[in-house]
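We have chain A already, so just place chains B, C and D on it with the hints.
4 protein chains.
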Amino acid sequence: MNDQCFALAEGLVSSSYIRQAQQARRTREAMVKSLLAQRRLPPHGWDDATLRLFLHELALMDSNTFPGNVGVGEREARVVCPLVAQRHFGFGHGVGRSGDIAEVQPKAAGSSLLYKLANALAADALRLAGAKEAREALVLPLATGMSVTMTLLALKAMRPHAKYVLWPRIDQKSCLKAIDAMGAIPVVIDNLLDGDELRTDVDAVRAKLAELGADAVLCLLSTTSCFAPRGVDKLLDLSRLAAEAGVPHVVNNAYGVQCAACMKAIGAASRHGRLDAFIQSTDKNFLVPVGGAIVATCSAEFGPPLLAQVSATYPGRASLSPILDLFATLLHLGASGWTALLARRAAFLPTFRERLAAVAAAHGERLLHTPHNSISMAVSLGSGGGGRPLTSMGASLWVRLISGCRICAPSPHPKKVAGIEFVNYGAHHHAYPCAYFTVACALGITEKDATLFLKRLDKTLTEWKRQGEPARLPAEQGAAAEGHAEEEEIA
Amino acid sequence: MNDQCFALAEGLVSSSYIRQAQQARRTREAMVKSLLAQRRLPPHGWDDATLRLFLHELALMDSNTFPGNVGVGEREARVVCPLVAQRHFGFGHGVGRSGDIAEVQPKAAGSSLLYKLANALAADALRLAGAKEAREALVLPLATGMSVTMTLLALKAMRPHAKYVLWPRIDQKSCLKAIDAMGAIPVVIDNLLDGDELRTDVDAVRAKLAELGADAVLCLLSTTSCFAPRGVDKLLDLSRLAAEAGVPHVVNNAYGVQCAACMKAIGAASRHGRLDAFIQSTDKNFLVPVGGAIVATCSAEFGPPLLAQVSATYPGRASLSPILDLFATLLHLGASGWTALLARRAAFLPTFRERLAAVAAAHGERLLHTPHNSISMAVSLGSGGGGRPLTSMGASLWVRLISGCRICAPSPHPKKVAGIEFVNYGAHHHAYPCAYFTVACALGITEKDATLFLKRLDKTLTEWKRQGEPARLPAEQGAAAEGHAEEEEIA
Amino acid sequence: MNDQCFALAEGLVSSSYIRQAQQARRTREAMVKSLLAQRRLPPHGWDDATLRLFLHELALMDSNTFPGNVGVGEREARVVCPLVAQRHFGFGHGVGRSGDIAEVQPKAAGSSLLYKLANALAADALRLAGAKEAREALVLPLATGMSVTMTLLALKAMRPHAKYVLWPRIDQKSCLKAIDAMGAIPVVIDNLLDGDELRTDVDAVRAKLAELGADAVLCLLSTTSCFAPRGVDKLLDLSRLAAEAGVPHVVNNAYGVQCAACMKAIGAASRHGRLDAFIQSTDKNFLVPVGGAIVATCSAEFGPPLLAQVSATYPGRASLSPILDLFATLLHLGASGWTALLARRAAFLPTFRERLAAVAAAHGERLLHTPHNSISMAVSLGSGGGGRPLTSMGASLWVRLISGCRICAPSPHPKKVAGIEFVNYGAHHHAYPCAYFTVACALGITEKDATLFLKRLDKTLTEWKRQGEPARLPAEQGAAAEGHAEEEEIA
Amino acid sequence: MNDQCFALAEGLVSSSYIRQAQQARRTREAMVKSLLAQRRLPPHGWDDATLRLFLHELALMDSNTFPGNVGVGEREARVVCPLVAQRHFGFGHGVGRSGDIAEVQPKAAGSSLLYKLANALAADALRLAGAKEAREALVLPLATGMSVTMTLLALKAMRPHAKYVLWPRIDQKSCLKAIDAMGAIPVVIDNLLDGDELRTDVDAVRAKLAELGADAVLCLLSTTSCFAPRGVDKLLDLSRLAAEAGVPHVVNNAYGVQCAACMKAIGAASRHGRLDAFIQSTDKNFLVPVGGAIVATCSAEFGPPLLAQVSATYPGRASLSPILDLFATLLHLGASGWTALLARRAAFLPTFRERLAAVAAAHGERLLHTPHNSISMAVSLGSGGGGRPLTSMGASLWVRLISGCRICAPSPHPKKVAGIEFVNYGAHHHAYPCAYFTVACALGITEKDATLFLKRLDKTLTEWKRQGEPARLPAEQGAAAEGHAEEEEIA
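Protein chains in written order, with my numbering: chain A, 1 to 491; chain B, 1001 to 1491; chain C, 2001 to 2491; chain D, 3001 to 3491.
Simulated from the structure, these hints should not be mistaken for laboratory data.
Source: prediction; values computed, not measured.
The beta-carbon is built from N, C-alpha and C at its ideal position, and this holds for glycine as well.
Be aware that one or more of the hints could be misleading.
[Said to hold, decoys possible] Cut-off 35 Å, straight-line C-alpha distance, at most; resulting in silico cross-link-like pairs (DSBU-like, lysine-lysine): (1) B/Lys1208 / A/Lys163; (2) C/Lys2116 / A/Lys33; (3) D/Lys3448 / A/Lys264; (4) D/Lys3163 / C/Lys2415; (5) A/Lys132 / D/Lys3448; (6) C/Lys2116 / C/Lys2264; (7) A/Lys116 / B/Lys1416; (8) D/Lys3033 / A/Lys459; (9) A/Lys415 / B/Lys1459; (10) C/Lys2116 / C/Lys2234; (11) C/Lys2234 / A/Lys33; (12) D/Lys3459 / A/Lys33; (13) D/Lys3033 / A/Lys455; (14) A/Lys448 / D/Lys3033; (15) B/Lys1033 / D/Lys3033; (16) C/Lys2208 / C/Lys2163; (17) B/Lys1448 / C/Lys2448; (18) A/Lys163 / B/Lys1033; (19) A/Lys415 / B/Lys1234; (20) B/Lys1264 / C/Lys2448; (21) C/Lys2033 / A/Lys116.
[As the list claims (entries may be wrong)] Derived DEER-like restraints, expressed as beta-carbon distance ranges: (22) A/Ala340 / B/Arg1159: 51 to 57 Å; (23) A/Arg271 / B/Gly1419: 30 to 36 Å; (24) A/Gln38 / D/Glu3354: 37 to 43 Å; (25) C/Pro2412 / D/Asp3203: 56 to 62 Å; (26) A/Thr351 / B/Gln1004: 39 to 45 Å; (27) D/Gln3086 / C/Glu2354: 32 to 38 Å; (28) A/Thr351 / B/Pro1067: 22 to 28 Å; (29) D/Pro3389 / A/Ala340: 42 to 48 Å; (30) B/Pro1067 / A/Ala340: 45 to 51 Å.
[Unchecked claim] To list a few chain B residues with every Cβ distance to chain D over 10 Å, as calculated: (31) Gly1183; (32) Arg1366; (33) Gly1386; (34) Ala1435.
Looking at chain A on its own, in the form it has when it is part of the complex (with noise of 0.2 Å):
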């Protein structure tokens, strides 16, 4: 509907209501307009019809959907079934080419628009989130893991002789195996223990990088979001490290966006030190399905180029839907949207830790004290369950809906990663002083979740205390939801 179609509606309708419409229709106009021209998050959310609106108009600038195009070459983004074509707004050339997963594709100026938008959104919600120093950042349709082996493969092709990654050991597999995946030797760094804590070994890091060589070192790969115990790595020791050994160093920030003091510690880290490169997951810190994450930098030195080497190796084209899934919500949000979401989890974690404590604390057990990490919070657990594996109490949780309650009890068998053997797997630390649970106050929990979650596990620990049975599970349920809680464990 352009001018000449409203002016022709006035032919229909009165011309009072017909201009009413368009100005309505300026309105949104002009918040496209400003989309394009200021490449940042709107101050508010969009309405679902101004958006699904900019999403047809988006997906009709792809040649695909142009009325009287023909295609004769061997792909052209026919989409034959129609459950499938809808889903994707009428999208399907991915985005992408051979050379480079950032450059423009002549047949898709809508994906390639979407996709150009949806990196200075995701760069604008990361300054939002607390690291305003957030200079670039680059979608790609890749979960956290394989996001953070393409970054790695972009440092080998700068740094072809490199081959070590140095790496403070956090127990959750897709790192490591982000590592070995790219074939590169994964260092691991023992964690220390600082009360219940489990931090960063900085003097061993810089003891290692010295062993083997900086020129031998792909990159440190430290870790903020994690599980406790476990705090974020120290970032700003190690950031000065590599800035001094002249070595990369990429943050594995995983669910980090979610939480402040993280983002800060990126920028800062960046500011003082040398941080080329933080990855998250679009799933976690924004709330859409798994399948996206971000590589940003907030270095104007070390930043760009990796991230066009990222971009660059990228081989071929890639889906864009996880792109469009990150950018719709960023529009629905919007700046106040998304500050508010960020503000209510901060907001409520204070609440969930203490109601977390007493509920703990009336069973006997206690919380531990985690002050670097504000997202997971651990729970001792002693005694209880009357002979059955520690693990049994989370199958009890499950049972009863619970999910993501992760036991993490001491295990005597070492456990092989990406071939390296680890003591004590789940848990950081090869001898950490006691069996646990773990919590997480994520993004997007609600006040109503942890209020039922306490409840629930209230009963089940008093059960667990009692020695007793879980009521309502029978004998070959308990065992099958046993193993489901062991493999829950080391998720």
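Leaving out everything else, chains B, C and D in the frame of chain A:
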């Protein structure tokens, strides 16, 4: 609606009608049951309603959709934007776990089940397309290039000391970049000119293999589908070589599924030699949006361990989206729809070829003779254009809403791709004797498309031969479009 | 996306691609512009993307969707359930105002515009279907029966003292109830038997008109589409009668739009006599869900005032939903799609008729000769069934998933409908000489449907003639299904 | 997915996860079962996934969706436009049969079941809203005005000789036209001025009833919800009058469901007198798009026969769409959501009223005292506007994106509606002492809406009192908007 619900419904609506409905429900349940039991394409495509219902039911098997579920983990598949939630039917957990992309997720039984079924259906579809021997398939939510990279990384894990990839030249960037991205060294084997057609120089491959030593060679990487005048690689010869030398052999079958000749060649080469895996895009072969590829094998000996390694190499989770697209499309088509789609293309090819040859002849040009390419066709491009670069003819077609027609003009400037210099890049040969343009008879093309294309081509060639300018192309647009055409030349 | 937005987009994506997209956008705008200017079916159906975009844009013209709008009225088109909001594209205000269903709503310029266009497109579609003289159409969100009632109420407002509706018998309850509902007195005119076919007794109508006096007669209400062996009413004769007597003449053209003979008869009768309005269902003629009808006219003299009165008689607002369905369907089809749909049915009719006759003959039955019915066909039903009621054959077909086949058996019991007793109700005649079943060659039927039907019919007749029971019909289901069939008989 | 399917799924995904999913499925089935057994609002609203699944399952109970079904009738619910098919979830048959809108359709068990449930849920929702005595409800796919017409037509069938409708004046066109449309004679009973408020003149009704004679009176038609300064009619007095005289009493409860006072009054009047039926819109009371109304009754004696007659009067089929909207909305809300929605409005009313009074006072105006209207509020409008018509203030608000604010200015010109002349139409009284504007505290209004409204109102009144022009309203727009405002005045 279970039987109790139907019984209750009889209290509101006459039993005979309710029973008829119940009967229809049973028919649908039998369709699902058969799918779960057979794990093959249904004989006929499912109607949209059954398909949607099944996707809904699968999504409701994931814990994030359970009524009463409370998530206290760091990843609970919360989706904040309704538009995003809806396009994923409620799925949010992606696929894979830290350990393995094919591993079942405790929180996501539905997503996991969908993925297992998608892999089984993909294998079946490959069999129906001509590779009767296909044993196993792994759908990756990565496009072809990146899937080649993953496969090579898996091989690297299995053959850590091998570093060369022997690669008959194909001037398509993604493939070469897929090798480069993972750090192996591509060894280019030039093609032989056989009449108009370019074919594999098997002797050169053999010689290079001997020169480098089998242990140093990560794999042979051959190609089926490609732009004419290159033909499909001599898979049988290469597979025999690979078998003799004990070297893996991977086939880039990018859009070759649609061509029975390619699929049969893969099957035969797998039987008579060594062909570890073949990789194909989901978008070009199954008409879904860009974003997925299938790594498959016909080899009982070499396939399963390689696919398991690819699966285990993938670090962390991944998007379900491209898998969902393929799954829905295969159920939508069914065996009869899928084979009919393939048959239509095959049946149309001779007609399209003849009509293209006729248009070419009418303008003094010639359809190049490329009997080993059943998808792409090339037409010589001699005089014309009044001194303008040949590629500007592509721009003229683009302005006429023809996408995918690719002009290939000999170029004196070598081009560097992934660090290797190529003379006459885009032509698969350093000295291809003439300029030409290519056209594909790709899956999903209709007779109406072809007719419109030939009409517009005829018009464009008439102008071109007259050395006139294209009708409505103002100067500055011409320049831009030329730029585009040049890029398109090597896309 | 206006031109400024496109210009800004050029800062992110190469101008030449953006301009191509802009060109495509202009093409779409031209389609909309042409629709608004011509108010006729577009020559070709719109693609799904353009159609959705346009509906979105119309919905965004309603004030409830305006960014920043605040509603303080009692009706502000708030929609609380997202699923509901979405299926209406944001439309919420319905159509009409207190004064008139066709009146423009100040708060809903988009809905109002859509309604005006829907009326115009409906008139055009009627012209293309054969009533070339159609001048005006009013789409009502009421099915046919209720639309007849509204039309009669409008006539009543114009002729307050008339109370009789002269009505050639058609055994379809809705029509008679439509008269009864609004309080007029139906005067039944029995049909004449002409060979197998039942036709209008024009003399009886004339006589009755004379008897009652023109001023006492609200209108003649004739029928086109009906179950064989009744034929279309003799519209021309009735229209001449109406013209002579100065009595309104309304045609119930329920599903007659799909039949060119009916439409031409309406046109001719309008030219040569008096035919004030004809009324047709949207669902049967345009393949949308039940819920709408079109009141239309070819008469310059009598039509416009009647339609205006119908419109003004409607008290208050009404659902937009059936209007939206018709509107979207007509744009989806376009003139070429619409006429092709009609042509397919017309072309298939002779084949279907022949094949049905052949099956009938094979079982010793006969296709009744009803040359004035081009939609419904009737086949005699003689011996068989082993003493079971004839209608149980309908149940056998229903169990075989045949819907819509209607058994008509002579019945000694008179049936009362709207207070009037009918002998042999369902047969349009008090003494139709044989039992029969009817089958329709209705719009949208496919050759595959017919083939399956004839196969199942053949099987059923074989069993029936053998006096055997249907194969898989357990006793109690049979009873229930019979019950259904009896109801179906007069549906 | 029945149990066999789940068992088969265990062959692909670990049993424990599948069983958890099966458990979730059972929870959902229990929700459906409970709905079918209880036929009341579920205690809590259903999640979107369960709701969609259930609608899908219902749609799949209609024969047009059966796999293998072949239709040879004239109406087979074929839907040709995919966009249309999808918005109806596959439903196509509408509701009703020739005989009765509430009758079950053999071809459409799902639609029929949905309709039965919708009627039951509607009755329950009315009870929860305050009319605890509600016994029965019939949802009609007709808006309020037309539903009043249908109800009067039903009464007419039951009392063929009655022709007058006694109707306390309410200046809302639809209601009067609803009487006129069906041919009865409205007898206007003027309101009494009681302070600021207009109330029913019960004595005048009694006198008129005596004058006309009970047998000549079709019914009393009273009104609850209306624009202030009119209050709700004195239902109890009128019901007692009706009981005494043996005359039916119908209440136009257009948007009164949202007001507990109206609902309780209906309940009480039904208990202590005669109140045959009350009619309410679905859009205003349940926040769905315009298109439906509910005819309900609390009377065991008079209600059921009347509702049966309404149902039987409806000739033929009708749209399912407005029924589906209500059904989905009620399941979405559940009892807790529904009562919370009502409670929010009720709780907000006093605040809104106070704040409106304060703004009025600040500009020298006054909130009229209308204690018997709990939805609409009126504010006096004295000096201002610099000689421009009072209604132009409405235009100023409209331009500021305020919809629904209605200006009512005394007018010397009588206005004819449905053939009756009214002095000062729009004010419910021939000589209301002042001009005013009305504002509604309607269901779904938010505090944010009210704040924005009051701010813009304050600004508008400031300008108005200054006699200045509205800021951005150019001359010609002003004129147009004034035109609109005048219409709005009586909308």
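Right, here's what the structure says about each hint:
This hinted pair checks out: B/Lys1208 and A/Lys163 have alpha carbons roughly 28 Å apart, not beyond 35 Å. In summary, the hint linking C/Lys2116 to A/Lys33 is supported, as the alpha carbons are separated by about 32 Å, within the 35 Å threshold. A hinted pair counts as satisfied when its Cα atoms are at most 35 Å apart, and D/Lys3448 with A/Lys264 qualifies at roughly 34 Å. This hinted pair checks out: D/Lys3163 and C/Lys2415 have alpha carbons roughly 30 Å apart, not beyond 35 Å.
Of the supplied pair hints, the one linking A/Lys132 and D/Lys3448 holds, its CA atoms being roughly 31 Å apart against a limit of 35 Å. With a C-alpha separation of about 25 Å, the suggested pairing of C/Lys2116 with C/Lys2264 holds against the 35 Å cut-off. The hinted pair formed by A/Lys116 and B/Lys1416 meets the criterion: a straight-line CA distance of about 26 Å does not exceed 35 Å. For the hint pairing D/Lys3033 with A/Lys459, the CA-to-CA distance comes to about 29 Å; that is within 35 Å, so the pair holds.
For the hint pairing A/Lys415 with B/Lys1459, the CA-to-CA distance comes to about 69 Å; that exceeds 35 Å, so the pair is violated. About 33 Å separates the Cα atoms of C/Lys2116 and C/Lys2234, which keeps this hinted pair within 35 Å; it holds. Restraint check for C/Lys2234 and A/Lys33: the C-alpha separation of about 63 Å exceeds 35 Å, so the hint is violated. Simply put, D/Lys3459 and A/Lys33 have alpha-carbon atoms about 29 Å apart, close enough for the 35 Å limit, and the pair holds.
With a C-alpha separation of about 28 Å, the suggested pairing of D/Lys3033 with A/Lys455 holds against the 35 Å cut-off. For the given pair, A/Lys448 sits about 27 Å from D/Lys3033 by alpha-carbon distance, which is consistent with the 35 Å threshold. Of the pairs offered as hints, the one joining B/Lys1033 and D/Lys3033 holds, with about 23 Å between alpha carbons and a cut-off of 35 Å not exceeded. About 14 Å separates the Cα atoms of C/Lys2208 and C/Lys2163, which keeps this hinted pair within 35 Å; it holds.
For the given pair, B/Lys1448 sits about 25 Å from C/Lys2448 by alpha-carbon distance, which is consistent with the 35 Å threshold. Between the alpha carbons of A/Lys163 and B/Lys1033 the distance comes to roughly 51 Å, so the proposed pair goes past 35 Å and is violated. Our distance criterion of 35 Å between C-alpha atoms is broken by A/Lys415 and B/Lys1234, whose separation comes to about 45 Å. A distance of roughly 34 Å separates the Cα atoms of B/Lys1264 and C/Lys2448; the hinted pair therefore holds under the 35 Å criterion.
Restraint check for C/Lys2033 and A/Lys116: the C-alpha separation of about 32 Å stays at or below 35 Å, so the hint holds. For A/Ala340 paired with B/Arg1159, a C-beta distance near 52 Å keeps the hint of 51 to 57 Å intact. For the pair A/Arg271 and B/Gly1419, the beta carbons lie near 35 Å from each other, so the given range of 30 to 36 Å is met. The hinted window of 37 to 43 Å between A/Gln38 and D/Glu3354 holds, with their beta carbons roughly 41 Å apart.
Between C/Pro2412 and D/Asp3203 the C-beta distance comes to about 59 Å, which sits within the given range of 56 to 62 Å. Distance hint check for A/Thr351 and B/Gln1004: the Cβ-Cβ separation is about 43 Å, which falls inside the suggested range of 39 to 45 Å. Judged by the Cβ atoms, the range 32 to 38 Å given for D/Gln3086 and C/Glu2354 holds: they are separated by roughly 37 Å. Take A/Thr351 and B/Pro1067: their Cβ atoms lie about 26 Å apart, and the range 22 to 28 Å holds.
Distance hint for D/Pro3389 and A/Ala340: a CB-CB separation of about 44 Å, consistent with the stated range 42 to 48 Å. About 27 Å separates the C-beta atoms of B/Pro1067 and A/Ala340, a value inconsistent with the hinted range of 45 to 51 Å. At roughly 35 Å, the least C-beta separation between B/Gly1183 and chain D is larger than 10 Å, which holds for a residue marked as non-interface. Against chain D, the non-interface label of B/Arg1366 holds: every CB pair exceeds 10 Å, the least being about 44 Å.
Interface exclusion of B/Gly1386 from chain D stands, the closest Cβ pair being 48 Å apart, more than 10 Å. No beta-carbon of chain D comes within 10 Å of the beta-carbon of B/Ala1435; the shortest separation is about 44 Å.
Checked against the numbered hints above, the structure violates hints 9, 11, 18, 19, 30; every other hint is satisfied.
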